[in-house]
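Asks: Now for the letters of each chain:
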Amino acid sequence: MLRLSQYCVFAGIVAVAAALTSYVLAFASDRVARAHTVFAAESSGGTVTTIAAGEAPRGAAAFGTLTTWLSLGFLSAALVFRAIATGHGPFANMYEFSVAFAWGALVINAYFMRRYRQWAVGVIVLPVALGLLLYSTTVSSADEPLVPALQNNLLLTAHVATAVVAYGAFAVGFAAAVLYLLNREDRGSLLPKRQLLDDLSYRAALIGFPFLTLTIVLGAIWADIAWGKYWSWDPKESASLVTWVVCCAYLHARAARGWRGQRAAVLLIAVFAAVLFCYYGNLFFGGLHSYG
Amino acid sequence: MSHTVTAPAPPRLPREPAAELRRPALPPHVWILRKLTSMRVALVALFVLAVLTLAGILLNQAPSSVTSNQAAYAEWLSSVRPDYGGWTGILNALGLFSVFSSIWFRGTVLFLSVSVLTCSVRRFPGLWRTATRPRMVMTDAFFERAPHTARIVSEKDQGAALAALRTAFRKNGFRVSTERDGEDIHVCADRFRWGPFGRIAAHVSFVVILLGAVATGTGGFRDESFAIPVGDRMAVGHGTGLAVEAKSFVDSYYPSGPPRAYESQLVLYKNGVPVHTQEDRVNHPMRYDGVTFYQSYFGPAVVMRAQTSSGQVIFNQGVALQYESQDEKESIGRFELPQQGLKVFVVSPRSGEIDPGIPAGSTQLEVYDIDNETPAGIQVLSQGKPATIAGVRFTFVREREFTGLIVAHDPGATIVWIGAALLVLGLFTTFYFPHRRVRAVLRPGAGGSEIGIAAIERRHPAFPGLFEHLVQDIRRAAGQGAQPPREGGADA
Ligand code: HEM
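Protein chains in written order, with our numbering: chain A, -4 to 287; chain B, 173 to 664.
These are computed hints drawn from the structure, not numbers from a lab. Being a predicted model, the structure only gives us computed values, none of them experimental. Built from N, CA and C at the ideal position, the CB exists for glycine as well. Hints may be right or wrong, so weigh each one.
What the hints assert, rightly or not - Selected chain A positions facing chain B (in silico; Cβ < 10 Å):
hint, residue
1, Leu61
2, Leu65
3, Val134
4, Glu139
5, Leu141
6, Asn147
7, Leu150
8, Ala153
9, Ala156
10, Asp194
11, Tyr197
12, Trp228
13, Lys231
14, Ser233
15, Thr238
16, Leu271
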């Protein structure tokens, strides 16, 4: 079963890489095509429209979308097999969490793919997922038994499952924000319209924030049960608080001060940076002794 | 709340001529209230909070055991000096080595709580009115200029059109209220009209959680080194009348090495009467009367007996060797003989360490005067062979294990959980059950009636879709004669 799970992860990696390659090819060929058509279209007074939101993707992009769904299928299978093999939610070590995080990003990406009938956000989400999956291959995937502190199946599952949703949502929000910043002109292209990207990133945050809050609360409940203290300012707790506060600021800036577009996009990118810091900070900053 | 979107920037104090300076432009309480409810100031405060928390992650934080003791703190400070060099003094003066108890952090949190409370109190009446007593009659201009508008010409008469409208709204989960104004019928349709109170709950929760944290910090107790030698009973103290007996302790391991479980069999006594027994494990703490016992650590213990020269037994129980020597090679336990004015340290090599001075099967006793560091005698005792130090006959009876618990009573936790529940419920309500209000006006027209529909929600990206869907449903229900909707704020 464990072996099967690993094969699925491997297939997932291949599928993600294939999807990413197809999307990049789609963009590249679009650029070439656009260079040819832009003059004709502008001189006839029309705007260049190739694949805008609402249209089904064609060619390389269609293949990219297919493989994106495939990768989601493979990773789902990998997580299910792993859970069956280990007898606990697949969230107990860095390997499992990295695969689950990639899965979360792909799920939320798939949701927004359907919801907004676009695929371009995948161009940023897929590299994030790929990075996580490749990272997972560098850490031990052995099925280590759970040490006593982790032996709380319900809270382990609930706490990390909500984190996977939250981080997946922030990854997609980040992707949309990056595309927003890249899509300066909002001329017809493979990139969705700026307005759509702005909406999409906001909605991603609307998913991410409540789930992040839930993650933190469940973590506090667990800490209270396992260590007798619901909050102890350990670096991971603090980092999750930073993420929460920045996202809270993003939502307020947007709701009450009408921040849209560029400034909002930058804040959302900061939120995702905080997420990465939260989960991988102890690797990058391992040299700082505060991460004992 | 859409007015805040277009609201002008908060007024600045105008530059006034010097002679006018005696008369401030804004009375101070108004100025303070403005700052407290200003989103811009709140955003700055949130930003400060994020930066301070980040500092708390990146800078070494002095452990709480050190901050309460000046000498220990000075020592700690010199231990981090190599890392921060000349910045050490500055960071220390700014309180950045104890960020989370610094005045900056506490001040910011306090400001934010006062701010959210003020906001909630100020907004509550408006939200209440919006939810319960909306203005019913809207002007024609509203139906023309709102961000989302549509117009339907129906062949049904006004009454039938209203029935159709009602059905369409209800189908989409809206509650409909109507009011006649001359020939017109005004309709106000609401979905989730209690949704905005989730925001109040979320805001108030911040303060509730904070109060809980304050209660945790100021009330209750937390004993992190409650070590019971197996077979002994120890009083919890703190006026609880509780005592715990450790019947057994078992640590078990997986074949590959990592720990599988730490379990203590505990019996709890209240005023000497056994009231509860439990297998205490990590993740399964024993709780009683608001006091919680967490399985935390374990280690070796020795049973010691002390007798006076007349043979009277003044001490006979286990001593947990729960401290470590500075070189981490020895385990140390401690007990007192108050009547003799002595304190006794029991020193054994840590498991795996070999100390030629203390051979296996023996332990070293260091006896001191209770009030000062004057040693009264140091001696290595073999198991079962008594020795007399400072007039007391000590016997190392046998070796044992101790189980180490954290014993805590936290009066703030419940408050924090209430706040957390409010926060989560409030958030999910605000985000997933947002208040939606759509208005309509029905006017008798030539050969039927005319329906105007309008809404002003600007913020939520899903609203245009919802509005579109509603209009289509109404058009279908209201029958023929329909016209395409006018494009309002709705995007394709
Ligand atoms: C815990 C930290 C929070 C702080 C410091 C904070 C602070 C504020 C402040 C100062 C305002 C402006 C006062 C007002 O116009 O009503 C405000 C408004 C608002 N807050 Fe929060 N808030 C916090 C949490 C939340 C949460 C968790 C939510 C999510 C439900 C939320 C949702 C809102 C909304 C929707 C507004 C109204 C904006 C408007 O009226 O245009 N706040 N907040």
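Asks: Hints first: check each against the structure and report whether it holds.
Replies: Do the hints match the structure? See the list:
no., hint, result
1, Leu61, "violated (26 Å)"
2, Leu65, "violated (29 Å)"
3, Val134, "violated (16 Å)"
4, Glu139, "holds (7 Å)"
5, Leu141, "holds (9 Å)"
6, Asn147, "holds (5 Å)"
7, Leu150, "holds (8 Å)"
8, Ala153, "violated (12 Å)"
9, Ala156, "violated (15 Å)"
10, Asp194, "holds (3 Å)"
11, Tyr197, "holds (6 Å)"
12, Trp228, "holds (5 Å)"
13, Lys231, "holds (9 Å)"
14, Ser233, "holds (5 Å)"
15, Thr238, "holds (9 Å)"
16, Leu271, "violated (14 Å)"
Of the numbered hints given earlier, the model fails hints 1, 2, 3, 8, 9, 16; all others are met.
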